[in-house]
Amino acid sequence: MSRKKVDRFVVLREKEAALHLSPGLFPAGTAEEWTAENRTLIFSTHPLNNGCALAVAGKKTREHLAEDNRVFEQDEKVYVCRMETVPDERLPFIYDSHAVFVSLQKMMRTIEESEDTDAAGHANGTTTSGERTAADITSLLQTSALYREAMLRQVRVLQEAPRETEFILSEMDVFQAMHAVWHLVEIIYLATNMPGGLSAPIVPHFMGWLNFNFPAPLAEDGQRIFADGPSADDLAANPDVWPYLKKLALRGHVTTMANMLDRIAPAKSSVSASVARWAREVARIARAMPLGSDEETAGSFNARWRLWNGELQSTATAIRSLLASPSPSPSPSTKEEAEAEATAATSAGAGSDDPALESLYSIVEAMRGDAAAISAQSETWQDMMGATLLYSEPTAQADRLPTLAAEVADEFQTHEFAILDRTLVALLRHELPEFLVYSNQIDPWLSAHMSDMMEHINILGVCRRVFAVEPREHYVIELGEVYMSHEDLWRVGLEYLGMSGGCAGAGAAVMEEYAMRIPLESDRKAAQVLRTCAAHGLQRAADRIHRQLGRQKWQQGRLGAAITHFAQARDHRSVGLVCDQLWAAYLESGGSGDLAYGPTIDGVLAATGVRHDRLDFLSRYRDFHACYGAGDPVAAGRILLAIITAGIAPPHAVRDLLVDAIPLLEGDALVFSADDTFELLRRAEEEKRDGTNGNSSSSEMSVFSVACARNLARAFVAA
Amino acid sequence: MTLQVQPVARRITAVAWLPPHAGAAYNDARLSFVTGSGGKHRELALWTTGNPDFADNTTDEDQTAAAATLAARVAHDGDVRGIAAVSSQTIVTASSFGTVSVYQTDDGAAAAERARLELRESMTAHRFGDSAPAAATDVAVQPGAAASDAEVASCGEDGAIAYARVARLDALQRFEVDSTAVTGVCWPTSTQTAACTRAGQVKVFDRRAPADVAAVLIASQTAAAAPSSSSALAFECIAAHPSQSFRLATGTNAGSVLLWDTRNMRAPVIEAFNVHRASVWDVCFDPVGSSSSFVSCSDDASLAVTQWSADPASSSPAAADEDGSASSSPARPVRHISSFFNVLSVNCLDVCAFTRASVIVAGSDSGNLLIDKVPASDHHFRLF
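Just so you know, the protein sequences line up as chains A and B, in that order. Counting from 110, one number per residue, gives the positions in the first sequence under this note's numbering. Counting from 57, one number per residue, gives the positions in the second sequence under this note's numbering.
The hints are simulated quantities; they were obtained by calculation from the structure and are not laboratory data. There's no promise every hint is true.
Stated by the list, open to error - Footprint (simulated), chain B over chain A, 3 or more residues, beta carbon under 8 Å:
| # | segment |
| --- | --- |
| 1 | 208-220 |
| 2 | 248-254 |
| 3 | 290-302 |
| 4 | 398-405 |
| 5 | 627-638 |
Glycine is no exception: its CB is placed at the ideal position from the N, C-alpha and C atoms.
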């Protein structure tokens with residue numbers, strides 16, 4: 110692929126939209142005045158979609174402008190502007206095609222896995238990994254049909270739209286174009302490309318494609334002709350009838366054409382005898398056009414075709430001699446001449462001046478496969494391509510298309526081609542990189558799904574050599590990013606990003622960035638984002654989302670939820686801080702034994718099984734109160750001692766714990782043994798040495814010391 | 057296939073059937089339901105669909121036509137997080153902005169062009185400590201009360217349950233009952249509410265003492281395995297059995313549905329059904345027949361109808377045949393319902409209680425309305 114083609118990797122100018130805020134933030138003509146007032150525009154772009162917020166603001170902050178602190182009304186307004194890239198009308202199609210895309214990825218994964226196991230099973234197997242079997246192609250064909258069905262459904266929906274706005278019309282064009290492209294890929298690479306079997310001729314598929322996507326002549330044309338007058342004479346006199354017949358012939362609607370010719374033939378006034386005679390003859394021959402079938406061998410079909418072609422040949426010769434006999438005129442060989450002759454149609458006559466006979470002759474010439482005649486009659490390259498295939502190469506296979514397409518395109522002004530024509534011609538010419546770039550210009554949906562499909566058909570390799578990026582990954586990420594700009598499509602967008610594949614993992618990186626920025630309006634949405642992250646292994650994003658949620662919940666005073674989220678993000682520091690807040694709240698409440706945090710940590714412990722020292726401390730401290738309240742000082746003492754010795758209490762809480770031990774030390778029952786008491790004293794000493802909060806009642810600590818001494822005495826006596 | 061999928065281009069987040077008009081119960085050829093959507097398009101929509109009990113009377117055209125027809129739609133303040141039908145004319149919604157709203161409806165049964173949905177009253181019910189509005193998560197209407205006098209309970213991410221009379225929404229009472237979020241609320245009886253929390257607890261309240269938790273139920277570790285060691289077990293939804301007031305069902309974030317018996321406080325979970333692969337967003341006991349099955353929907357884009365009753369008399373013979381070869385296996389018959397064209401989360405469901413046939417309506421993030429109509433089979437009426 111030449112370098113030149115890579116350069117086409119640019120956005121068409123016409124696809125860019127110029128956006129104006131109307132009315133502007135600076136009213137017309139006031140820009141200079143506003144600038145003098147030290148005012149300017151500030152803006153910030155949206156992290157997820159292609160929107161931005163903008164406002165009028167001072168160039169310097171008000172603090173720097175002590176003397177001039179005028180406040181402008183406009184300064185208090187923020188404008189949020191965004192370009193809508195995903196119209197709501199497209200949502201059903203997006204959801205449908207996303208479903209197909211997901212199932213296609215699943216299907217290909219299972220196929221590849223089974224191939225891998227096959228390859229492992231018999232290393233010298235006949236099927237090499239990566240080559241698609243007939244069954245694979247059949248399933249791809251079915252998937253492709255589903256995509257097309259979705260496009261056609263969307264076209265129907267648009268047609269039923271109540272108002273025919275410019276937008277609806279352009280959407281319809283886009284979908285019809287996408288369908289035409291997709292359909293052509295399907296017939297070239299799937300329908301006629303069954304491995305193992307003989308390659309099927311492309312012609313019937315191509316004509317089916319042509320007449321479905323670019324219907325001509327339109328049914329309305331025929332109806333109009335008949336509406337003008339259904340009798341043979343009316344028909345023959347109708348100036349539109351011969352162009353209509355020519356079009357029918359070009360598109361291979363030979364039976365319709367034959368019927369029409371038969372209806373014209375009996376005309377008395379406007380048709381000469383020779384025209385009537387030859388019209389009947391052409392109709393007969395047209396009806397006898399050989400049609401290939403799967404059962405027939407190529408040789409037998411060719412024989413029949415040659416016979417039929419010979420008949421046309423002799424008919425053509427006969428008509429030409431008729432035309433030539435009174436005043437010899439050359440057969441129309443160029444488009445201009447043919448048109449000149451067609452428009453020169455005057456009243457009915459005989460011989461060389463008979464335009465009807467000339468039209469009939471050009472129809473026969475075209476059906477004979479005469480390149481000049483076909484070229485002369487074709488209005489579009491599609492017409493010419495179809496007629497050439499149908500009448501001169503009826504057994505052509507897909508591999509004939511590139512050269513033929515090149516020949517046909519040469520006949521036309523390719524620089525006047527619309528984007529759809531360019532795309533189709535590039536596809537027919539097998540210039541796949543160019544084709545992908547053009548597809549992208551039709552719609553990002555098309556390039557993304559097309560590059561994905563091409564990857565599965567194994568024809569994307571040629572693009573890889575040309576593109577600086579991995580084509581499938583590039584386009585799928587692009588589509589995913591487009592979807593991310595729509596509020597409802599964040600999940601679809603994330604899944605496209607996640608399934609963009611590629612060894613570089615660009616999709617995963619982009620996905621991670623987006624996932625962390627999706628606004629989490631509700632717990633349910635947060636859970637869904639987290640699940641999507643988990644499904645694609647985005648641990649870092651999941652942690653950040655949990656941390657963010659934890660902070661949010663903490664701010665909102667939902668401490669239980671905050672602890673849960675911090676714990677899941679393994680943010681032990683924050684868990685500790687929230688627990689300290691619970692502890693502080695308890696102390697503030699006066700330590701009334703009414704532990705308000707009980708239900709909070711219950712919920713957290715039940716749900717998460719979070720292991721955290723602070724949480725453990727709070728829970729055990731609650732147990733201590735429960736035992737004490739229940740009149741079981743021994744158990745309470747054991748718990749308290751365990752809390753103190755395990756070192757799970759925050760340093761600032763140790764003193765409170767020691768004070769809590771006083772009633773147990775002084776109680777009727779002997780709770781602490783001598784060793785336990787020593788342990789308590791040791792902790793008290795440490796506490797005193799650290800001297801963290803010396804001002805806190807040292808009298809309490811002396812009471813504690815005395816209580817310890819008494820308890821020690823009792824413990825020795827008991828021992 | 058009994059499932060009909062109708063694309064509506066809205067992320068449907070809540071759905072509820074409307075009860076039939078007085079006097080028309082079990083005779084109405086048309087059924088009405090209300091859906092709520094969220095995200096970009098926040099609105100309530102009123103739909104009608106054919107009653108499958110009268111399917112024989114309808115022509116084939118009705119079968120091929122759209123599953124449901126839109127009768128009316130109205131913008132809603134915030135994502136619709138829950139809908140509860142009080143009567144055929146009154147519905148209550150809960151929104152992501154923490155409001156509880158009462159809407160008047162008329163499905164146009166009297167005159168087709170009269171179908172309408174109108175906001176009557178709206179009230180902020182859920183706030184965080186910093187007075188920012190908190191998203192509501194569910195709303196449920198008191199059973200057995202007259203429509204004019206019924207009370208609704210709503211719950212939200214502020215960990216509170218709010219009670220209000222439909223007729224007097226402004227006299228709303230709010231009680232903070234949990235430190236995480238309350239994700240679902242239901243009324244087992246007209247004097248009792250049960251709520252499930254994101255911390256994996258079910259709390260039961262006596263309406264007459266709404267501030268005090270009457271009972272806290274926790275699933276034992278064996279009954280409900282947490283989704284993974286790192287994440288917590290949370291309940292996403294709760295449903296009360298229509299006739300057995302001690303029986304509750306909760307959906308978990310691990311994809312299972314837990315069945316509870318509140319009479320046994322020591323081991324309240326009687327069985328865990330692992331029917332889904334992701335969070336269960338909504339669960340509902342089948343109100344038809346003997347209610348021996350429940351319907352659940354999930355983030356894995358599927359619906360499931362699970363036969364839970366251990367009572368052999370009420371299990372259908374068809375299910376027995378399917379399990380015939382492995383009759384000893386304790387696996388319950390589960391009917392999974394999913395559609396190729398619906399790959400995103402199914403957010404909500406409701407089972408119609410007013411038909412002999414089983415009619416499930418559900419809504420999904422894929423912008424689809426899913427309607428599953430199973431004609432009244434013999435097994436519902438086995439008892440008669």
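- Item | Check of the segment 398-405 of chain A against chain B for coverage (Cβ-Cβ below 8 Å, three residues minimum) | violated (count 0)
- Do at least three Cβ atoms from the segment 290-302 of chain A come closer than 8 Å to Cβ atoms of chain B? violated (count 0)
- With a C-beta cutoff of 8 Å, work out whether three or more residues of the segment 248-254 of chain A approach chain B closely enough for the coverage to hold. Result for this restraint: violated, n = 0.
- Between the segment 627-638 of chain A and chain B, see if three or more residues pass the 8 Å beta-carbon test, and mark the coverage as holds or violated. Three-residue rule met by the segment 627-638 of chain A, so holds; n is 6.
- Message: So is the segment 208-220 of chain A in contact with chain B by the C-beta rule, three or more residues under 8 Å, or is the coverage claim wrong?
- Response: holds (count 3)
When held up to the earlier numbered hints, the structure conflicts with 2, 3, 4 and fits the remainder.
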